[in-house]
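Trainee: Guided by the hints, dock chains S and L onto chain C, whose structure is given.
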Amino acid sequence: MSYLPFVLAAWIFIVGIFGIVRSRHYIHLVVCLSLTQSSTYVLLLSIGYVKHGGAPIFKDVPQGTRAVDPVVQALTLTDIVVSVTVAALVLALAIQAKKNAKTMNPDELRPVRG
Amino acid sequence: MVALQATIMTLVAIGALAVALTNDLVRLVIVSSAYTLLLVILFVVLQAPDVALSMLVVGTIGYPLVLFVAIRRDRADE
Amino acid sequence: MSRRARLALFGLAAAGLAALLLWSITGLPKFGDYHGAYGKILNKAAPKERQTSNVVAAVVFDYRGFDTMGEEFILFGAVMGVAMLLRAPREDEAPVPVDSVRSDAVRAFGVSFSGATLVLGLWIVAHGYVTPGGGFQGGVILAAAFLLVWLAGSYRPYRQLTPVPIVDFAEGTGAGAYVVIGLSALLVGDAFLHNLLPYGVAGKLASGGSIPLLNWASGLEVTAAFVLLFNEFLSERAIMIEPKRRPS
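Chains as they are written, first to last, in this note's numbering: chain C, 1 to 114; chain S, 1 to 78; chain L, 1 to 248.
Bound conformation, chain C alone:
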């Protein structure tokens, strides 16, 4: 239990890359890419966790109660919103690839020559 979240982050990372390697469709590849990215969120939040700590919001809670680390939460929350936009960019690339090469299978999308 004391190392379970870190093992979970490593597991999600490797499973995500496995999904990318075995995918047969570009859209499945993009979803597995964002799955790999989610492993970093789990790792960051687990590092910042304090045992018996509450959320770092002090609205009704007296200041000074034990709380988890706010810096890693700040890093993670902007990252999540940005990741969906980057996934949309890669999906737009896939749509263009479908227009030009008529396929969305990564095995058949070769680099353009000449």
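In short, the hints are calculated from the structure, not lab data.
Hints may be right or wrong, so weigh each one.
Unchecked claim - Pairs of lysine-lysine residues, derived as DSSO-like cross-links and limited to a Cα-Cα distance of at most 30 Å, are as follows:
#: 1; chain 1: L; residue 1: K44; chain 2: C; residue 2: K102
#: 2; chain 1: L; residue 1: K44; chain 2: C; residue 2: K59
#: 3; chain 1: L; residue 1: K48; chain 2: C; residue 2: K51
#: 4; chain 1: L; residue 1: K44; chain 2: C; residue 2: K51
#: 5; chain 1: L; residue 1: K40; chain 2: C; residue 2: K51
#: 6; chain 1: L; residue 1: K48; chain 2: C; residue 2: K59
As the list claims (entries may be wrong) - To list a few chain S residues with every Cβ distance to chain C over 10 Å, as calculated:
#: 7; residue: L37
#: 8; residue: I41
#: 9; residue: P49
Here the structure is a predicted model, which means the values were calculated and not measured.
Glycine residues also receive a C-beta, built at the ideal position from the N, C-alpha and C atoms.
Mentor: Below, chains S and L without anything else, positioned relative to chain C:
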């Protein structure tokens, strides 16, 4: 509390494997939305409400829309 | 490289990577044992110094405001990339969109919830530095309020609500306002993005110095970026639904 954390972490691990192994595209959207929900619960259990809100909003509004448009575009050009 | 060879190579590499990761995990402190000093100092000092009850918002918009500016410009650039990819080679002008939802229940849902989602998004952006929330989360909810007009209605009112020049301008204003607020600190002689305005009392809306302004700027930018993203994706020709011709 420890049991809750261990349970949700195991569920997240199973969900990640399910996303990587799904082949059908529409099913993939549903499985990935379920995985997002499990991640939201994990973030709440780890005492991060801002991060959980961010992931919830993005996983409900952002991801399914762009994925469905891409799938529709893929099928319409067959 | 054939598929089997690729999977076999991946198996080898994954085994090596897993071994390295597991070895490195044993060097980390245990889960729950937090050794860093930065987090503890921020939790003690931020509510008193910046008078915000949400310490994460204070970190995002004040202590690490420079990182947030970078993230906003990633958002800006990615949406610009999507627009460039999907706008230019559209083969013909977009056909007249005639998709309209015919179910009354869906229409009623859309009408009632669009307004409610708008209010919810504005509330979450406004209270971002008091309770969990902020410009990023609330911005996406505001974009969803516009999207519900398309989902539960038809395409044309959605495009009329979100004309491209206005959305482009709003996105640029949001990103630029963030930088301008940061630069205005330079005019007074302080560092870039230094917190200028008077802090109020923690827990009320008028608190945090320049954090509310940065909050609203990033909310505006995220809303406009997502509306633009949805516009580009929904204008794809394959999404327009042609009506079935009625035999006359």
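Trainee: Confirm or reject each hint.
Mentor: Structure-based check of all given hints:
1. Simply put, K44 of chain L and K102 of chain C have alpha-carbon atoms about 58 Å apart, too far for the 30 Å limit, and the pair is violated.
2. At most 30 Å may separate the alpha-carbon atoms for a hinted pair to count; K44 of chain L and K59 of chain C meet this at roughly 14 Å.
3. With a CA separation close to 24 Å, the supplied pair K48 of chain L and K51 of chain C stays within the 30 Å bound.
4. Simply put, K44 of chain L and K51 of chain C have alpha-carbon atoms about 17 Å apart, close enough for the 30 Å limit, and the pair holds.
5. The suggested pairing of K40 of chain L with K51 of chain C holds, with an alpha-carbon distance near 13 Å, which does not exceed 30 Å.
6. Among the hinted pairs, K48 of chain L with K59 of chain C is consistent with the structure: their alpha-carbon atoms are about 12 Å apart, no more than 30 Å.
7. Look at L37 of chain S: its CB is around 13 Å from the nearest CB on chain C, clear of 10 Å, so calling it non-interface holds up.
8. Its beta-carbon lying about 12 Å from the closest one in chain C, I41 of chain S satisfies the requirement of being farther than 10 Å from that chain.
9. Distance to chain C contradicts P49 of chain S as a non-interface residue, since its nearest Cβ pair spans about 5 Å, not more than 10 Å.
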